[in-house]
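There are 2 protein chains.
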Amino acid sequence: MARKTGSHAEITGPRIRAEASRLFARHGFAAVSMRQIAAAVGVQAGALYLYTPDKEALLFDLLKGHMDELLAAWAQEPRGTDPLAALERFVRFHIRFNLERAEAVFLSYMELRNLSEPNFAVIEGLRKRYETELEEILKAGQAAGAVSVPDTKLATMAIIAMLTGVNTWYREGGRLSRATVETIYWDMVRKAVGA
Amino acid sequence: MARKTGSHAEITGPRIRAEASRLFARHGFAAVSMRQIAAAVGVQAGALYLYTPDKEALLFDLLKGHMDELLAAWAQEPRGTDPLAALERFVRFHIRFNLERAEAVFLSYMELRNLSEPNFAVIEGLRKRYETELEEILKAGQAAGAVSVPDTKLATMAIIAMLTGVNTWYREGGRLSRATVETIYWDMVRKAVGA
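Protein chains in written order, with full-length UniProt numbering: chain P, 1 to 195; chain H, 1 to 195.
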């Protein structure tokens with residue numbers, strides 16, 4: 001029995017998250033009911049409440065999962081001492097990671113306002129950690145004389161906004177490959193930071 | 001009587017739009033009912049339907065009004081023949097205009113998915129017109145040898161995303177004035193386009 005419960009949770013958890021993510025992205029968090037999510041998963045609404053206390057907890061789960069994955073993936077990128085090489089890695093990593101998770105990125109921006117205050121603070125903290133990763137690269141570059149920006153904080157926000165913006169217009173199979181887009185954005189970022 | 005109806009429409013229209021905008025921004029389009037909007041305005045729900053056929057038409061009204069205002073305001077900016085001066089004007093204009101209309105900008109990004117297909121196409125067309133204004137400046141700069149970007153289309157999208165991003169972090173009374181933010185972003189944009 002314990003085995004069965006375990007497998008059930010393992011199979012259902014990812015499916016619940018996938019269906020909730022898809023429904024939230026398509027209709028918006030407010031317009032989706034727990035009943036709809038349960039129906040999409042193919043379980044009774046009651047079974048959903050065994051997995052998550054409420055809809056907001058499910059949203060938080062999705063948004064936190066995305067940020068945890070982002071930070072873990074970035075931590076696995078090769079390190080180095082050259083700040084410009086690190087900046088290029090960050091640019092290519094951010095574009096690639098976000099294009100591969102368009103739905104999660106969309107949700108993270110759209111539904112942040114539907115989190116409770118404490119949950120919002122957790123996500124904000126994780127975002128801040130990610131932003132700090134980039135800002136540390138810029139500060140190291142500035143210290144080494146390889147980068148010249150008037151304000152590393154603003155440069156951080158400007159670069160992240162610019163890179164995340166790719167998700168709003170990039171279409172698979174369009175005129176440019178992902179690799180070309182990465183290279184063009186790296187050219188603009190490099191110049192923007194005076195390198 | 002005609003006079004009275006006229007004044008009524010004039011007074012109520014802007015108030016309906018203001019309350020709808022505030023409620024949509026706070027709770028999300030899907031979570032707000034026509035009844036709630038009517039209550040916020042201080043009229044019966046029936047009176048609201050004299051003004052707008054439905055909630056989606058009201059949202060379209062808000063999003064289109066914002067884009068019309070943006071294009072009209074940009075058209076009133078001084079023209080000139082120097083592409084770099086034009087680019088600087090665009091950067092400062094975009095930051096200033098968007099910071100002054102934070103709620104409308106937020107709505108324009110958040111609720112686009114709730115428009116019907118034809119209404120969505122209208123807003124997309126207006127956005128495209130605005131993007132073309134910037135791309136024409138970059139093309140003129142490229143032709144004059146004042147600007148060097150690998151792709152004017154991508155540079156357009158990158159610059160607009162970067163500038164619009166200011167709305168996500170800027171806080172009035174924070175460490176930097178709007179004018180300082182404009183100047184710092186202009187520095188980054190100018191360098192990004194190789195000028």
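Misleading hints may appear alongside valid ones.
Chain copies aren't distinguished; within one or between two, either way the pair holds.
In the DSSO-like style, the derived pairs of lysine-lysine whose C-alpha atoms are separated by at most 30 Å in a straight line are [as the list claims (entries may be wrong)]: (1) Lys128 to Lys55; (2) Lys55 to Lys153; (3) Lys191 to Lys55; (4) Lys139 to Lys55; (5) Lys191 to Lys64; (6) Lys128 to Lys191; (7) Lys64 to Lys128; (8) Lys153 to Lys64; (9) Lys191 to Lys139.
The set of hints was computed from the structure by calculation and includes no laboratory data.
The model shown is predicted, which means the values in this text are computed figures rather than measured ones.
A quick look at each hint next to the structure:
In this homomeric assembly, Lys128 and Lys55 come within 30 Å of each other (Cα to Cα) only inside a single copy, at 25 Å, whereas the closest approach across copies is 36 Å. In the homo-oligomer, the alpha carbons of Lys55 and Lys153 never lie at most 30 Å apart, since the shortest distance is 35 Å inside one protomer and 40 Å across protomers. For a Cα distance limit of 30 Å, the shortest separation of Lys191 from Lys55 qualifies neither inside one copy, at 44 Å, nor across copies, at 45 Å. In this assembly of identical chains, the alpha carbons of Lys139 and Lys55 never lie at most 30 Å apart, being 40 Å within a copy and 48 Å across copies at closest.
Proximity of Lys191 to Lys64 under the C-alpha cut-off of 30 Å is found in neither arrangement, the shortest distances being 33 Å within a copy and 35 Å between copies. Taking the shortest Cα distances, Lys128 and Lys191 sit within 30 Å of each other both inside one copy (24 Å) and across copies (26 Å). In this assembly of identical chains, the alpha carbons of Lys64 and Lys128 lie at most 30 Å apart only when taken from the same copy (13 Å versus 34 Å across copies). Only within a single protomer do Lys153 and Lys64 lie at most 30 Å apart by alpha-carbon distance; the minimum there is 24 Å, versus 33 Å between protomers.
Both within a single protomer and between protomers do Lys191 and Lys139 lie at most 30 Å apart by alpha-carbon distance, with minima of 16 Å and 18 Å respectively.
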